[in-house]
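Visitor: If you want the building blocks of each chain, they are given just below.
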Amino acid sequence: MMRSRIVILAMLVLMLSLAGFGCAKKAGGPGDGSGTSWEDQERARLEQERALREKMGQAANELAQMVHFAFDSSNLTAESRQILTRKAEIMRQYPQIKLIIEGNCDQRGTAEYNLALGERRAQASAQYLSNLGIAADRLSTVSYGKERPLDPGHSEAAYAKNRRDEFRATY
Amino acid sequence: MTMRAKKRIIGVFGAIALLLGIFAGTARAQQQTSLAVDIQGPGQAKMNLVMARPFAGGGQLSPADKLQDLINKDLQFLPFLQLVPPSNIPGQIGGPTADQIDFKPFSMGKIDVLVTAQWTPGGNLGNVELRAFEVYTQKVLVGKGYDSVTDAQLPDIADRFCMELMMALTGQGGFFNSQIAFVKPSSGKGSDIWTVRPTGRGLTRVTSYNDLGMAVSPGWSYDGRRICFTLIGSRSHYLGVWSGGGKPQVYTLPTTNVVSPRFLPDGQVAVSLALHGKADIYLLNSAYQPGRAIASGPGIDVSPTFDASGRLMAYVSDETGSPNIYLKDVAGGSSRRLTSSGYNTNPSMSPDGKLVAFTKQLGGAQKVFVHDLTTGQETQVTSGGGSDENPSFSPDGYFIVFSSTRSGQKKLYVTTRQGTTPVMIPTGDGAAQMPFWGPLPK
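Protein chains in written order, with my numbering: chain A, 1 to 171; chain B, 1 to 442.
Please keep in mind that the hints were generated in silico from the structure rather than gathered at the bench.
Remember, it's a predicted structure, so these values are computed and weren't measured experimentally.
Any given hint could be a false lead.
Claimed, not checked - Pairs of lysine-lysine residues, derived as BS3-like cross-links and limited to a Cα-Cα distance of at most 27 Å, are as follows: (1) B:Lys46 x B:Lys354; (2) B:Lys139 x B:Lys104; (3) B:Lys73 x B:Lys110; (4) A:Lys55 x A:Lys98; (5) B:Lys278 x A:Lys98; (6) B:Lys46 x B:Lys73; (7) B:Lys189 x A:Lys161; (8) B:Lys189 x A:Lys55; (9) A:Lys161 x B:Lys278; (10) A:Lys98 x B:Lys104; (11) B:Lys46 x B:Lys110; (12) A:Lys98 x A:Lys161; (13) B:Lys110 x B:Lys189; (14) B:Lys110 x B:Lys139; (15) B:Lys278 x B:Lys328.
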């Protein structure tokens, strides 16, 4: 009885691993219909972005200037608004580029709530740029929550550094 | 009963079964015994256990000691057992079987369980027989025998023996072969999903995004066949679904904010999506696209968790300003706020729907609390240094796994709903976080 059970289980393991190989071929994201894997798509996106930023030179660096937030807040300070106004100018100079806004939180909260909260910070910058006349389809947001701290420390200074939006020019 | 136990000792497990790490097919030691721990109870009961020095007449002292050590480490996960050194009891143990043991001194010394191991010469390291006796009745609670064991099989032998001992004492033994999904950092800025058993064995990498993406927030399906997770890419979050082998499927949703995906018992996925500017919790359809909203208050709604019936949901909402834990029927209706003040996140509902474990921010760090839905009482279950996050109930509702920085780097620890001393789960080099306890293997 034990033997037959082992045989059945071994077959099951084999079937599962075969099913796994079957999946690997079409592991791309349904919804984009491209058939290539998510990893390949992501590599292509990053490569295209790299090339674009190289072409933009100094303007890309200027676009990347971060804005920071007070504790538990997604309000833009006067300094942040100034930085964002400059971004709007650059985006008018380069009408072909788009902007990705990355929201980040400090290390005090917990991961999932911060992933949602980081989105609020990214949205705050996106809304401001939109109010300055940048078309909404040129702005996209992504939250990293507390997963990408600039400073992993636990001081007030480290927390303040981490509460930020980062910006990336994209195609 | 003694006959059944003997039979089990004679029934030797094949090496193949051990190598495959398959626990199925073991006879369950659920015989009636006067010894029983109610792990759903208040948690005061403790049993005293003595592990006798192994009998290794054939000179297998080194594997005998190694197995003894492995069993010892396993038993430390079971807070209802108090390990008493054999030297504390002046009893005579002439051999590994009941007729060779003078139980009286153990009985006098308030020892409840006595464990013996006997090694005899055989293939590989030799043959081993393990027995756990109930001291009071002198009967065998668990008896297991293995022939021609190899060094690599010793951890599985220890786990299986302890699983059956736990089963005999509590009626639940799944702890030792259950699986926990969690997150480990990969190269660069990436992170990947891994699985491990609570003993640290069976450490397996599930995703390999490396520096391309961050796979976070893993959640098991109730049949144990799938793990859903958030994949954070360079311009969006995606929903990842791993189905037991190969690469996970990656689903693009109509929002870049895809947070805290969780399976319901019926196989549906609930996830927080910012479809209308703020994060609400939706049920996904079979194509993993958004269907009905099940929590859409005025603020952020994240981190859904369900009872085993799938009818009750606890989740986080910050509709009053700071995040708090709420409870609601998945079918609809109004929500009930469970936590009263402060920063409360990371809910995990016990499968019986009676308790919600969560974290409360205290002085800049998180601590794990348990909220009793019947009495409304809140109990702190972790304390000490560091921050404790992401509690997740075991399927039997007794253990809680969480991540903690108590010894520096973030690692996984196991405690119980009564808050017994946490035991670290070995997960290899590097940090480990966001644990999610999977279902018991069927």
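Visitor: For each hint, tell me whether it holds in the structure or not.
Guide: Right, here's what the structure says about each hint:
Distance hint between Lys46 (chain B) and Lys354 (chain B) is fulfilled; the C-alpha atoms sit about 24 Å from each other, no more than 27 Å. For the given pair, Lys139 (chain B) sits about 14 Å from Lys104 (chain B) by alpha-carbon distance, which is consistent with the 27 Å threshold. Of the pairs offered as hints, the one joining Lys73 (chain B) and Lys110 (chain B) holds, with about 22 Å between alpha carbons and a cut-off of 27 Å not exceeded. Distance restraint check for Lys55 (chain A) and Lys98 (chain A): the Cα-Cα separation of roughly 14 Å lies within the 27 Å cut-off, and the hinted pair is therefore satisfied.
Among the hinted pairs, Lys278 (chain B) with Lys98 (chain A) is consistent with the structure: their alpha-carbon atoms are about 22 Å apart, no more than 27 Å. Restraint check: the Cα-Cα separation between Lys46 (chain B) and Lys73 (chain B) comes to about 17 Å, which is no more than 27 Å; the hinted pair holds. The straight-line distance between the Cα atoms of Lys189 (chain B) and Lys161 (chain A) is roughly 18 Å, inside the 27 Å bound, and the hint therefore holds. Of the supplied pair hints, the one linking Lys189 (chain B) and Lys55 (chain A) holds, its CA atoms being roughly 25 Å apart against a limit of 27 Å.
Of the supplied pair hints, the one linking Lys161 (chain A) and Lys278 (chain B) holds, its CA atoms being roughly 25 Å apart against a limit of 27 Å. Proposed proximity of Lys98 (chain A) and Lys104 (chain B) is contradicted: the alpha carbons are some 81 Å apart, above 27 Å. A hinted pair counts as satisfied when its Cα atoms are at most 27 Å apart, and Lys46 (chain B) with Lys110 (chain B) qualifies at roughly 11 Å. About 25 Å separates the Cα atoms of Lys98 (chain A) and Lys161 (chain A), which keeps this hinted pair within 27 Å; it holds.
Taken as a hint, the Lys110 (chain B) and Lys189 (chain B) pair is broken in the structure, with Cα atoms around 54 Å apart against an allowance of 27 Å. The straight-line distance between the Cα atoms of Lys110 (chain B) and Lys139 (chain B) is roughly 16 Å, inside the 27 Å bound, and the hint therefore holds. A C-alpha spacing of about 19 Å is found between Lys278 (chain B) and Lys328 (chain B), which places the hinted pair at or below 27 Å, so the restraint holds.
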